[in-house]
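Since chain A is already given, all that's left is putting chain B on it; use the hints.
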Amino acid sequence: MHRRFAFVGAAAILFCAAVVLIATKARGAAQEGEIFVSGGCDRACLEGFVDQYLDALVAHDPSRLPVTKYVKFTENGQKLELGDGFWRTATARGTYKFFVDDSEAEQVGFEGTMREANQPVLLALRLKIFNKQISEIETIVARGQLAETGAANLEKMGVPRKAFLEDIPESERVSRLQYILTANKYFSGMQKNDGKGDYSFFADDCNRLENGMQTTNNMTPMAGLTSNGQPRPAPTRKYDPSQNPTTYSAGWSCKDQFQSGLLHFVSRIRDRRYLIVDRQKGTVFSFGFFDHEAGDTRNFDTPTGKHVTAGPVVPFTWEIAEIFKVRGGQLHEIEAVLTQSAYGMGSGWSSWEQSMSDQPQW
Amino acid sequence: MHRKFLAAAVVFVFFCAFAAKTARARPSSHLAAAAGSSSCDRGCLDGFVNQYLDAVVAHDPSRVPFTSSVKFTEDGQRLAIGDGFWRTASARGTFKFHMEDVPAGQVVFFGTMREAAHPVSLVLRLRVEDRKISEVETIVVRQGMFGNRPSETGATDLEKLGGPDPLFLQDVPPGQRVSRDELGKTANKYFSGMQLNDGKGDYSFFADDCSRVENGVVATNGHEGEGGQIGSGGGKNNSVPNRPNQGAPNRGTSYATLSGCRAQFQSGLLHFVTRIRDRRFVILDTERGVALAFTFFDHAAGKTRTFQTPDGKTITAGPTEPWTWEIAEAFKVQNGQIHRILAIFHRCPYGMSSGWSTWEESMSDRARW
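Residue numbers (the numbering used here), protein chains in the order written: chain A, 1063 to 1424; chain B, 24 to 392.
Derived by calculation from the structure, the hints in this document are not laboratory data.
A hint or two may mislead.
[Said to hold, decoys possible] Here are the simulated SDA-like pairs of lysine to any residue, each with C-alpha atoms no more than 25 Å apart in a straight line:
id : chain 1 : residue 1 : chain 2 : residue 2
1  : A       : Lys1134   : B       : Arg298
2  : B       : Lys208    : B       : Thr381
3  : A       : Lys1254   : B       : Ser227
4  : B       : Lys155    : B       : Arg298
5  : A       : Lys1134   : B       : Lys208
[What the hints assert, rightly or not] Residues from chain A that face chain B, not an exhaustive set, calculated with beta carbons under 8 Å:
id : residue
6  : Gly1139
7  : Gly1147
8  : Pro1303
9  : Gln1305
10 : Ala1372
[Claimed, not checked] Chain B residues, not near chain A, derived (Cβ > 12 Å throughout):
id : residue
11 : Gly66
12 : Asp98
13 : Arg165
14 : Gly186
15 : Ser215
16 : Asn244
17 : Gly245
18 : Thr309
19 : Thr327
20 : Tyr373
21 : Met375
22 : Met386
Ideal placement from N, C-alpha and C gives every residue a C-beta, glycine not left out.
Isolated chain B (complex conformation):
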């Protein structure tokens, strides 16, 4: 009897261990599932995006093949399919940038749309399983959100750009391609270098030609008031309260006045970005060297606004109230360096989660893919 019980217990422990391992291995199993069911190549994934967007504009979810347990979020909130932007989208826009991860069965779309005839920016992630959409994650940068005016959604600026920088779309020569892991690690250096930025890190992961576009505006050309939106108060949209330093940021105390990705990080002036959390790399396209992450930039404010730059200056900068950006950020990585960065983001309640992570994952600055 005892031996039987022991055998049952041993089997049970193995069962539990297997179950736990399976649960932990979810991302890989997704890869395997996608590969197995697959044959949804770039064209197929992009086709799902087009089908989805047409259905959204028609306000008709029945036009899209969803799995029975499909999950949909908009701006971090789980909604019923058909709610939110599904009710208000009025047309597709002209800016379109598709990023595919064929092995993972995922695609992310950066683009412009119209909502009640106003231009909005849209980030859309679809997961495709067995030719059906099982996950839909969206960020809609729209007017009216936390006081955004119609001109402040970034959509007009994105449409002026016409499309993504051509470098994003070029294949990396086969001999220079790296693993998914390497791709993710290089892109993640951007977040790690910005979080509590002190100017003392190794920023050689930035290529000399690196440039960053945020909500359609070049943020690395050193022009005050054009970009530099990450909580500097120098941005064009989602105006950040920065009362002690009202007006345009001063040269020498604002990273936004500096040219180049690396120079901005070397300045140590981005210190007020206190935590970059819930870093989910959902696209790792090794053929094109494109990595894309959803994440949140917290600005804890208070005492964290006061810090020292590498040259010994004491600076007080950043938002005066707790502030979080909900962000989707795409990176072009080649030869171990970041060449292009393109982000779409808006403000969200401080500390908000994506709806796709546990609370612990959501509060962690560890990258996941």
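Chain A with its partners taken away, still in its complex shape:
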């Protein structure tokens, strides 16, 4: 009786294994098939999909889009039905447009301005194209006063900074992975920043825009409050360790900010997804989350030995889409769209383990 039961049990297990194997193989074959029939969406094709998407969005009409049967859509990390969320509220396209085209991966990234209920908002968008249809849609919509101000700045600027749009000479182009690994140094250098790393990956001309606001080399006092509800301190021109500063300044360069060790309170930069690389232009479009654990992690020492307490007093996460210009193994321009998310939130595109990890994915 026991042997018969064991036989039946073993048969059941084998059957299950066979079903899983067949299903997996079938899926693999389908994916291979997909790769085979896919391809051929160049820069104009990719940007055309973005234009088509944004027009359909403003028309509140997803039926205008060619999408795959299993298209997946997320907004601010949440999986929604296509037609929900910003699809109901977008009222117009803005004038600022920044495309990152990756014809090898058939993905395109976009950061730009839009209107929602006639108010300016910032949009980060990723589309994945398969067989001339959209198969993945990932969005971040940054709303509120800071996004409004940032959108106005970007529209005043008109077009992305020149360096972003320039081609990398063919002889200087590197592999996708090399572009990604250089970009990833930014996140690794900021996470638990201690000022002791090698920050030579920052070019001297590096500049950063976050939600349309210049947050490096900028002596204009920033509007709004810090995450602690305090007024932002007036920027200072140059990082001077002898002054023992206790907060980093938007007036400093990219490298100075990291050398100060004052970004330590960014305790984890996780779910780093580098899905779009434009090798011709040296641009990398990434998604990530900046966790600020707060509590004891707010207390740290700077390289000069100064003990500092800084950063948000509550657990705090930024959901970010960040674009890097990489050339000669260095970061020249950085531009991000970010919005507050629930602390520890996932992107909707990663497993929980990936989502909690600071390892880069591509």
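Just chain B now, with coordinates in the frame of chain A:
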């Protein structure tokens, strides 16, 4: 050979059917498990809450008996035990309301705490199995979340109340008690009546004495600007963008100006609450007639902001951007009617899930218990 194969196949099909049934029957099996292991009565469950909160303030998870596979969420996100509020809680507050479900081995706590010395409101659910905590679900209504200012966490108002309405704590006379199912169904009428509210439903499930408190503020006394936070723009915290109708809501076009639970639903003015989803009734205390659900209130915005009230008026109201409240809502139910409602909630990303449901469950407006 064929017969053997057939026998094996039949056994396998039965095996699969049994496995599927077992999986579907999870809530009941939890009840059975809790009852079997049980003997964690009200005092025992409340004791776990106290132990947990003391450990949180001490930032020391080792003080709590957790199962090896314990799951912890804060504001809908799965975190490692010791992360999130565990790092920042600085003291316990004075508002305390324990709701126990002894057969399910679960307890929910509404209360106030201090985080970096600022008052915050906390919702805590614990599941206790074999004298260990196996599930921890929390909502922390804190400053800094989506622009909340320190005064906007509801904690100060809850502490002014002193404690829950005494009616919540009174036993229902044994002859008037109803089944868990009946209790859940009555409470769920609140969510069903609010979702796409049109003023045309049967709202007799509201008792005449029904009142609702939201984040420490009475929301059913008809006073503009005190409560009425469910996306009206008339609320005190988590200020909702409602640009075309800036300022205090107008009498006649905002439910918040109406007195009484039933009158607000009869007005049809809550229509902009487009979906109340992922309704998880985790406490069904038949002795006290207390039901508690975790859920999400979606406001889809866009065209859904424009609707007609039962008297034929066309109204445009509600948030101008997609908006979701993450909410825990407690109901006192007696004689088939809702007498008291107490909710703690805050804003979350539109369409967010609890971390305790599948995506399909999370998007569904079907109640579960």
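Going down the list of hints, with the structure as the test:
1. Lys1134(A) x Arg298(B): Distance of about 21 Å is within 25 Å: holds.
2. Lys208(B) x Thr381(B): This hinted pair holds, its Cα atoms lying about 22 Å apart.
3. Lys1254(A) x Ser227(B): The hint is violated at about 57 Å.
4. Lys155(B) x Arg298(B): violated (35 Å)
5. Lys1134(A) x Lys208(B): violated (34 Å)
6. Gly1139: At about 6 Å, which falls below the 8 Å cut-off, the nearest Cβ of chain B leaves the hint on Gly1139(A) intact, so it holds.
7. Gly1147: For Gly1147(A), the interface hint holds, since the closest Cβ of chain B sits about 5 Å away, which is under 8 Å.
8. Pro1303: With a minimum Cβ separation of about 29 Å from chain B (threshold 8 Å), the hint on Pro1303(A) is violated.
9. Gln1305: violated (27 Å)
10. Ala1372: violated (13 Å)
11. Gly66: holds (32 Å)
12. Asp98: violated (5 Å)
13. Arg165: Contrary to the label, Arg165(B) does not stay out of reach of chain A, its closest Cβ about 5 Å off (not over 12 Å).
14. Gly186: At about 26 Å from chain A, Gly186(B) clears the 12 Å cut-off, so the statement holds.
15. Ser215: holds (21 Å)
16. Asn244: At roughly 30 Å from the nearest Cβ of chain A, Asn244(B) sits farther out than 12 Å, so the non-interface label holds.
17. Gly245: Nearest chain A Cβ is 28 Å from Gly245(B), so the label holds.
18. Thr309: holds (34 Å)
19. Thr327: violated (7 Å)
20. Tyr373: violated (6 Å)
21. Met375: Non-interface label on Met375(B) violated, nearest chain A Cβ at 5 Å vs cutoff 12 Å.
22. Met386: Given a closest Cβ separation of 8 Å, the condition is violated.
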